[in-house]
Amino acid sequence: MQSNETKEGEVLLELEDINMCFGRVGALAGISLRVRKGEIHSVIGPNGAGKTVMMNCINGLYHPQKGNIYFKGEKINKLKPHQRAKLGIARTFQKVEVFGGMTVLGNIRLGRHIHLKSGIASGSLYVGKTAREEVEHRAFIEEEIIDLLEIEHIRNKPVGMLPYGLQKRVELGRALALEPELLILDEPLAGLNLEEVEDLARFILDINEEERWKVTCILVEHDMGVVMDLSDQVFVLNFGNKIMDGTPEEVQNHPEVIKAYLGEEDLYATRR
Amino acid sequence: MSTTFLPCSVYHEDYTQDHAWWQTKFIRGKMILLLLLLFVVIPKFADSYVLSVCNQIGYTILGALGVQLLIGYCGQLTLGHAAFLAVGAYTSTLLVLEFPWPKFLMDWGLAYPISIIAAAVVSGLWSVLFGLPSARVKGFYLILTTMAAQFVTVDFVIAQYVSRIGGRGQAFSLPPGTIKIGPWVIDTNLKVYFMMVVLVILCVIGLANLLRSRAGRAWVAIRDNDISAEVMGINIIKHKLLAFFVAGFIGGIAGAFWISNIAAISYEHFPWFWSLWLVGVILIGGVGSIHGTIFGAIFMVVVMEGLQLAVMPLADTYPKLLMDFLFIKEAAFGLAICAFLIFEPNGLAYRWWQIKNYFNLWPFSY
Chain A
1 MQSNETKEGE VLLELEDINM CFGRVGALAG ISLRVRKGEI HSVIGPNGAG KTVMMNCING
61 LYHPQKGNIY FKGEKINKLK PHQRAKLGIA RTFQKVEVFG GMTVLGNIRL GRHIHLKSGI
121 ASGSLYVGKT AREEVEHRAF IEEEIIDLLE IEHIRNKPVG MLPYGLQKRV ELGRALALEP
181 ELLILDEPLA GLNLEEVEDL ARFILDINEE ERWKVTCILV EHDMGVVMDL SDQVFVLNFG
241 NKIMDGTPEE VQNHPEVIKA YLGEEDLYAT RR
Chain B
1 MSTTFLPCSV YHEDYTQDHA WWQTKFIRGK MILLLLLLFV VIPKFADSYV LSVCNQIGYT
61 ILGALGVQLL IGYCGQLTLG HAAFLAVGAY TSTLLVLEFP WPKFLMDWGL AYPISIIAAA
121 VVSGLWSVLF GLPSARVKGF YLILTTMAAQ FVTVDFVIAQ YVSRIGGRGQ AFSLPPGTIK
181 IGPWVIDTNL KVYFMMVVLV ILCVIGLANL LRSRAGRAWV AIRDNDISAE VMGINIIKHK
241 LLAFFVAGFI GGIAGAFWIS NIAAISYEHF PWFWSLWLVG VILIGGVGSI HGTIFGAIFM
301 VVVMEGLQLA VMPLADTYPK LLMDFLFIKE AAFGLAICAF LIFEPNGLAY RWWQIKNYFN
361 LWPFSY
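Just so you know, the protein sequences line up as chains A and B, in that order.
The numbers in the first sequence follow this note's numbering, run straight up by one, and end at 272.
The numbers in the second sequence follow this note's numbering, run straight up by one, and end at 366.
Mixed in with the good hints, there may be bad ones.
Rough simulated footprint, nothing fancy, chain B against chain A, three-plus residues with beta-carbon under 8 angstroms [what the hints assert, rightly or not]:
#, stretch
1, 81-90
2, 104-118
3, 131-137
It should be emphasised that the hints constitute simulated quantities derived from the structure, not laboratory data.
The structure presented is a predicted model; accordingly, all values stated were derived computationally and were not measured.
Beta carbons: idealized from backbone N, C-alpha and C, even for Gly.
Looking at chain A on its own, in the form it has when it is part of the complex (with noise of 0.2 angstroms):
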């Protein structure tokens, strides 16, 4: 069951022993986990299962009531959101969390925000510094980001009058935009046509695989064939509690799985 325990490879992110609970309600009951570099690591479970909880916990809008959180071997508890998206954790939300009314081109430059120096001063005048840095983000983010996601056409558009599809594809360039190590995302799936998730699909694929990019996924996600498919490593949660942590085969074969998530019939349902 522990198979990841055992694999080679360096740490980016653990979650030790984690509870998190509100009022009564336990969301999280003594979680641990371990993403290591270079991997996509998928979290699945049902609905309520306090997955979207997990990835509040390790990006700090919650702060979890017990346990530890160690990103690339530092404890990062008590850091805030902003303070861990400058040590390199990006994420995206479950419902869009765009920007909507900035540009396609002004959601992405927010995205720079961490890497930016300027400020107010430098910013009213808008001469020497403040001008060249903004050249040379611009510059960044048509070459490297603008390119890769294939939003050319919209760069000028406002977010909030752009099909859903395409908002994921915003949203998601907005978070590479920080440059992060360890990205999170939160159903980046939901809602999308089959075309849209395959893009959507390979796109993930490119910034975990890309020598440019490298990033550490982690994947919430309903759509069992994308995750099997994608994942190095698969997390189970079920009512807060951890079912298992496992290669795709091993989680597809586990008895208590099927029972919980997967249905005992179709191994899993997908939208193929």
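Could you slot chain B onto chain A? The hints should help.
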């Protein structure tokens, strides 16, 4: 609203061109015409009354820019901005009247310009103080805390303590000749007008530049979605306070500017209604747009002046109209806001954008 259309055969070859304010020769030409209008045509042809209306517009623009920044760009509802105008005005007045300036600064006429900057900074810091609750509360609750800023600052601190400095009773009179920039004594509407135009242009450019750089994007992000803004690495509290600082800074400039236009300053110049008025200006002009602030200010001041002109001839037969003009003004203000919320919720700036697009895209508007 931010989609830009470039005319045919205009291409950008690098990002600097794409980041420029005025991207085509046509726009540059238009802007030069606008500057000519502001600096040559209006001063040459306008009489003193028109100039005084212009000055009032300028004052409203300067005051409303801060409100626009807080409400329109940072999403921090504020209903106490007149307090920061008051702080700016009083700081500047006190510095000019009471501060022991070295002789050479007085001779060079630098006392007032320096006091404007000082007023802006003091007002900015005062604004940060009242922005602190924004770290914890949002929306309607924040309105209440900003209203506290109004009542604490104007009705308590200024009315009860600051007004008494130097043994004065209610108002600080500004003797002629105290407001001096360099060799010029600011004593006519025309001189005030020039000062107003320069200040408005500086503030608009500064704010517009801020809004396209790091801090400005962070503000808009906080307005649109504060949770994901924080996850993207923005220190929300810091940037909210920065927004309050910049808004107070511009408010301070507005207040310090206004003392050049009046003979005596009293706390009654900064009532709570003026804070509400500034919010009305941005609602009518368009929330989240700097043009909107300018259009809104022009609209409000011109409509109110027009109303006054319309009421004057009737005053002979109905003297009560003149007595109750304040109420008429308030009713018109309320009516204007209702009408805009119903018929053009995006404000005048949106109308302007539509008209511009109509001409840009003509004859194929699809």
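Here is what the structure says about each hint:
no., hint, verdict
1, 81-90, "holds (count 5)"
2, 104-118, "holds (count 9)"
3, 131-137, "holds (count 3)"
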